[in-house]
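The whole structure should be built from the sequences, with the hints applied where relevant.
1 is the number of the first residue of the sequence shown in UniProt numbering; add one for each residue after it.
The set of hints was computed from the structure by calculation and includes no laboratory data.
Heads up, some of the hints might be wrong.
Said to hold, decoys possible - Calculated cross-link-like contacts (lysine-lysine; reagent style DSS-like; alpha-carbon spacing at most 25 Å):
no., residue 1, residue 2
1, K231, K59
2, K111, K88
3, K88, K125
4, K59, K178
5, K111, K125
6, K303, K59
7, K125, K178
8, K303, K231
9, K178, K303
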Amino acid sequence: MRKHSTNGTYGTGGGGAGARGEIEINVQPPVGDTSAAVHPTPSPSVPPRGVKGRGRQYKSHSPWLVPVMVVANIVLFLITMYVNDCPKHSVTGGSPCVARFLGRFSFQPTKENPLLGPSSSTLQKMGALDVDKVVHGHQGWRLISCIWLHAGLVHILANMLCLLLIGIRLEQEFGFFKVGLVYMISGLGGSVLSALFIQSSISVGASGALFGLLGAMLSELLTNWTIYANKCAALMTLIFVIVLNLAIGILPRVDNFAHLGGFISGFLLGFVVLIRPQFGWVNQKYQYTRPGSLPGPASTRSKHNACQYVLWIAAAVVLIIGFVVAMVMLFRGVNGNDHCSWCHYLSCVPTSKWKCNSSPVYCESSQDGDILSLICQGNGRARNYTMPNATDSQIRGLCTQLCT
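What follows is the structure, encoded as structure tokens:
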């Protein structure tokens with residue numbers, strides 16, 4: 001899940017449903033290949049995408065990049081909590097830190113961050129996606145750095161579980177380079193679309209990249225349609241998982257634009273980098289390259305069919321043009337909502353149970369000796385705090401607690 005924050009106010013949204021999608025995709029064994037009969041079929045409880053490696057033409061890769069990325073995300077979360085140091089920045093009169101026994105690794109008050117994590121000011125300091133800093137502060141690197149940050153313990157656990165369940169299977173099948181490329185470009189695509197439509201709050205999370213992996217799985221299934229046996233069932237299951245995750249994204253405080261941007265980027269990129277030879281070509285080649293077989297006639301089948309070539313070219317063109325146009329719009333300060341009056345419903349649909357207002361909270365502050373007085377301009381609440389030298393980040397945190 002990808003979270004966006006309004007001065008530290010996070011919502012509990014989903015994105016973890018992707019981990020529940022168990023998709024079984026079996027490769028059609030080549031004609032005359034009796035070796036397939038002695039290999040047990042993997043249990044349906046584990047998505048056996050790696051069974052493509054039955055034929056000699058398919059290579060199974062040892063996954064190492066995905067575990068490294070998981071470790072990197074966890075390490076960065078620990079560093080973020082160390083920098084946050086809630087006990088040091090907490091004030092008398094404010095809500096207490098959560099799990100204070102963790103010392104400087106304790107979490108912000110749940111009113112400020114219900115996901116058990118740092119403050120929004122700490123995330124901003126560490127590299128969260130802040131459109132104003134990207135566009136006017138020339139900090140474009142935030143489009144990438146935000147992918148590696150998480151809003152809280154709940155947030156990172158859900159995302160890392162999804163990354164392990166989805167990423168390892170893909171890396172076994174396609175190798176670290178292709179999976180890493182899809183992950184990073186999809187994450188960037190999610191950040192760019194998020195920055196175009198959600199400009200009043202910061203955003204962090206790896207879900208844009210995770211949705212890119214789901215999108216790549218879908219396009220890979222479509223473009224390599226001929227090599228799969230149970231393709232219709234796999235297609236319906238995968239579509240269900242994707243739709244369910246996107247539906248969860250309409251909850252408040254969940255950055256569904258990052259999900260959509262990542263999914264579209266990964267879907268297009270899958271046609272480009274995950275293309276495989278069609279089944280007829282693989283079958284013919286395998287028949288005449290087994291040890292002891294007689295030399296066969298020259299292959300009469302094309303390695304890739306016309307549909308694969310068309311999808312490859314079209315996806316590459318659309319992906320490049322889309323990124324160029326989106327980047328130009330972003331760095332020119334364009335707000336996507338000004339050109340699409342209904343697009344905000346893609347990220348949050350208001351109901352009687354919640355509102356979708358993501359406007360920043362503002363407080364009027366005054367200092368009288370050791371007493372800090374705050375008045376929330378949104379709801380009119382007022383409160384005094386014993387705080388002789390309040391910093392801006394402390395005032396923002398107290399303001400968020402007061403206004404929520």
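How the hints compare with the structure:
no.	hint	in the structure
1	K231 - K59	holds (21 Å)
2	K111 - K88	holds (18 Å)
3	K88 - K125	holds (17 Å)
4	K59 - K178	holds (14 Å)
5	K111 - K125	holds (21 Å)
6	K303 - K59	holds (17 Å)
7	K125 - K178	violated (31 Å)
8	K303 - K231	holds (20 Å)
9	K178 - K303	holds (20 Å)
Consistency with the previously given hints fails for number 7 only.
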